[in-house]
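*Asks:* Build the full structure now, drawing on both the sequences and the hints.
Number of protein chains: 2
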Amino acid sequence: MNATPLFPRVALIGFGLIGGSIARAARAQGLAGEIVITDHSAKTRARVAELGIVDRVAETNAEAVKGADLVILCIPVGACGPVAQEIAPHLKPGAIVSDVGSVKGAVVRDVAPHLPANVHFVPAHPVAGTEHSGPDSGFAELFIDRWCILTPPEGTDPTAVERLRAFWAAIGAKVEIMTPDHHDLVLAITSHLPHLIAYTIVGTADELGKVTSSEVMKFSAGGFRDFTRIAASDPTMWRDVFLANKDAVLEMLGTFNEDLSKLTRAIRRGDGEALFDHFTSTRAIRRGIVEIGQDSPAPDFGRPHANLAKKPD
Amino acid sequence: MNATPLFPRVALIGFGLIGGSIARAARAQGLAGEIVITDHSAKTRARVAELGIVDRVAETNAEAVKGADLVILCIPVGACGPVAQEIAPHLKPGAIVSDVGSVKGAVVRDVAPHLPANVHFVPAHPVAGTEHSGPDSGFAELFIDRWCILTPPEGTDPTAVERLRAFWAAIGAKVEIMTPDHHDLVLAITSHLPHLIAYTIVGTADELGKVTSSEVMKFSAGGFRDFTRIAASDPTMWRDVFLANKDAVLEMLGTFNEDLSKLTRAIRRGDGEALFDHFTSTRAIRRGIVEIGQDSPAPDFGRPHANLAKKPD
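Residue numbers (the working numbering), protein chains in the order written: chain A, 345 to 657; chain B, 345 to 657.
It should be emphasised that the hints constitute simulated quantities derived from the structure, not laboratory data.
Predicted model, so just to flag it, every value in this text is computed and none were measured.
Backbone N, C-alpha and C define an ideal beta-carbon position, used for all residues, glycine too.
Hints may contain errors.
Said to hold, decoys possible - If the Cβ cut is set under 7 Å, some of the chain A residues that face chain B in the computed set are: (1) Leu459; (2) Val463; (3) Val471; (4) His476; (5) Val505; (6) Val560; (7) Lys562; (8) Gly566; (9) His622; (10) Ile629.
What the hints assert, rightly or not - To spell it out: a stretch of chain B is covered by chain A in this simulated footprint if at least three of its residues, at any positions, have a beta carbon under 8 Å from a beta carbon of chain A; those stretches are: (11) 437-443; (12) 474-484; (13) 553-565; (14) 577-589.
*Replies:* Below, the structure written as structure tokens:
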């Protein structure tokens with residue numbers, strides 16, 4: 345434990361990939377005098393107690409937040425409103441309440457009305473993750489060099505915002521502040537639409553009559569397998585994202601469909617020049633992403649390869 | 345060099361990712377008495393000579409294939425017909441001619457008519473790759489545990505097919521035989537459509553007014569960055585794939601569009617149950633792909649993470 349932790353007590357509600365990674369990272373960095381967690385699943389609570397990586401596992405949300413200086417909801421977006429209502433009477437005056445939801449407008453709308461005036465609400469979204477979920481899936485390094493977006497409502501105490509920023513920075517994240525609406529538009533294109541497309545194409549491949557699922561799996565290294573990773577993400581979380589960010593997702597889908605029609609037309613007409621020009625332009629954004637450290641320069645994401653065993657003479 | 349190489353002389357026309365990987369793997373395994381390569385780019389030829397990883401760099405296609413027992417065209421699909429015509433008069437009687445194209449119907453149609461009756465034409469497609477291209481991008485392990493599909497025309501000498509199968513097996517690939525038409529349908533869904541979708545969404549993200557390219561890049565770890573890898577693939581190769589496999593791609597696109605409309609409708613109507621059911625069903629195919637060894641079980645493709653530096657006390 346650190347000599348002067350940022351927060352005497354941190355409570356995490358929900359111990360999946362994100363909650364579990366925050367707990368591990370905060371502990372590794374000594375950011376909390378005490379880390380208390382809870383989860384609606386008794387099995388998950390038992391597993392966390394067994395892992396021994398937090399100070400206390402509470403049985404209920406109310407019990408978890410009592411006396412906590414920072415409370416983070418690490419649960420699907422759709423659960424945030426009801427949980428806020430449940431914990432509101434038990435929050436410590438002056439506490440900071442935050443979340444990790446992939447949609448911010450709906451969370452602000454659902455959570456803020458329930459919270460007492462004497463706590464600070466600072467919504468947050470760490471743009472990081474893997475396709476795994478559950479109490480064992482988290483790891484302390486998940487947020488390193490990833491962005492965490494804060495969307496504090498107007499009039500939020502700047503000190504509270506600064507303390508939350510310091511917390512995320514200490515576990516490796518870069519922090520940016522924007523409005524909930526802009527966040528939801530940005531994430532609709534950088535995260536929600538990619539997931540929707542991936543979920544769609546994996547479903548398409550799975551239901552073809554002319555090509556078997558076995559063939560789809562065997563020959564997936566041609567590109568398809570990349571999509572299956574994203575389409576293996578937590579279904580509850582993603583259901584909630586699409587319900588909560590409907591407008592922005594539909595807007596981005598509209599633009600995507602127009603662009604897909606354009607490329608489809610080029611294919612139908614045999615317009616090689618249009619295809620070549622498009623395929624050339626998309627290389628630049630990949631280069632940019634690698635240059636700013638948001639992806640690995642290693643080919644194929646650095647997927648491992650076995651050694652080529654030498655043929656015996 | 346191996347005491348009894350499979351082929352006394354192997355000629356590779358084209359030294360990009362695939363040609364360069366075949367050369368490195370064949371050399372590592374001692375599969376050829378002599379490896380001769382050429383490339384239409386003088387710069388590439390010079391670079392290969394500098395790398396010193398093949399026995400000889402020929403200046404022309406005609407010169408490269410002279411006396412070769414196995415000739416593999418490692419060039420974009422659209423270039424195969426003209427090159428076949430060019431090399432035909434120079435082929436050694438009894439030679440095996442193959443390719444590595446991602447489309448097989450068009451290659452059979454464009455190449456076969458040019459070849460003399462005394463050579464064996466065995467089209468092939470190794471389903472493997474990375475987003476990198478050029479003479480330095482290849483590596484000997486690329487084909488390990490990946491599938492290589494052979495589509496020999498009816499009546500092809502079984503011995504020739506068997507020799508090519510042995511070659512691919514020796515550099516680590518598993519070999520499957522199917523008809524060109526079925527190959528083109530399978531690859532339309534496992535490779536061509538995923539690439540088209542990725543090229544589309546990356547283009548969409550790059551041209552939004554409301555979200556800047558800088559924001560798209562910064563917050564790409566939410567899923568988008570996965571698509572940019574595929575959309576960084578070689579533009580010439582992919583232009584040719586879509587021109588050559590138009591019918592199968594348009595057919596798969598039709599099914600994809602129907603499925604996307606279904607999910608879009610579920611979002612618009614707020615039908616959480618339909619979304620949840622769909623997102624649950626797509627997890628199975630990911631598990632299958634990992635189980636049969638076609639992708640890594642490591643989260644996030646095994647992308648590397650930095651260490652979390654301990655905060656000083």
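*Asks:* With reference to the structure, classify each hint as holding or not holding.
*Replies:* Hint-by-hint comparison with the structure:
1. Hint on leucine 459 of chain A is violated. Least Cβ distance to chain B is approximately 25 Å, over the 7 Å limit.
2. This hint is violated: valine 463 of chain A has a C-beta 26 Å from the nearest C-beta of chain B, more than the 7 Å allowed.
3. Annotation: valine 471 of chain A was flagged as interfacial toward chain B, and the flag holds, the nearest CB pair being 5 Å apart, inside 7 Å.
4. Residue-level restraint check for histidine 476 of chain A holds (minimum Cβ-Cβ distance to chain B is 5 Å; threshold 7 Å).
5. With its C-beta approaching chain B no nearer than about 19 Å, valine 505 of chain A sits outside the 7 Å limit, and its interface hint is violated.
6. Because the beta carbon of valine 560 of chain A sits about 6 Å from the nearest beta carbon in chain B, less than 7 Å, this interface hint is met.
7. For lysine 562 of chain A, the interface hint holds, the least distance from its beta-carbon to any beta-carbon of chain B being 6 Å, beneath 7 Å.
8. Because the closest C-beta pair between glycine 566 of chain A and chain B is about 3 Å apart, less than 7 Å, the hint holds.
9. Hint status for histidine 622 of chain A relative to chain B: holds, with the closest Cβ pair at about 6 Å, below 7 Å.
10. Taking 7 Å as the C-beta contact cut-off toward chain B, the hint placing isoleucine 629 of chain A at the interface holds, the least distance being around 5 Å.
11. Requiring three or more residues with a Cβ within less than 8 Å of a Cβ of chain A, the coverage given for the segment 437-443 of chain B is violated, as only 0 such residues are present.
12. Counting residues of the segment 474-484 of chain B whose C-beta sits closer than 8 Å to any C-beta of chain A gives 6, which meets the bar of three, so the coverage hint holds.
13. Counting residues of the segment 553-565 of chain B whose CB lies closer than 8 Å to any CB of chain A gives 10, which reaches the minimum of 3, so the coverage claim holds.
14. Judged by the Cβ-Cβ criterion of 8 Å, the segment 577-589 of chain B is covered by chain A as claimed, because 8 of its residues qualify and three suffice.
Figure legend: structure checked against the earlier numbered hints; hints not met, in rising order: 1, 2, 5, 11.
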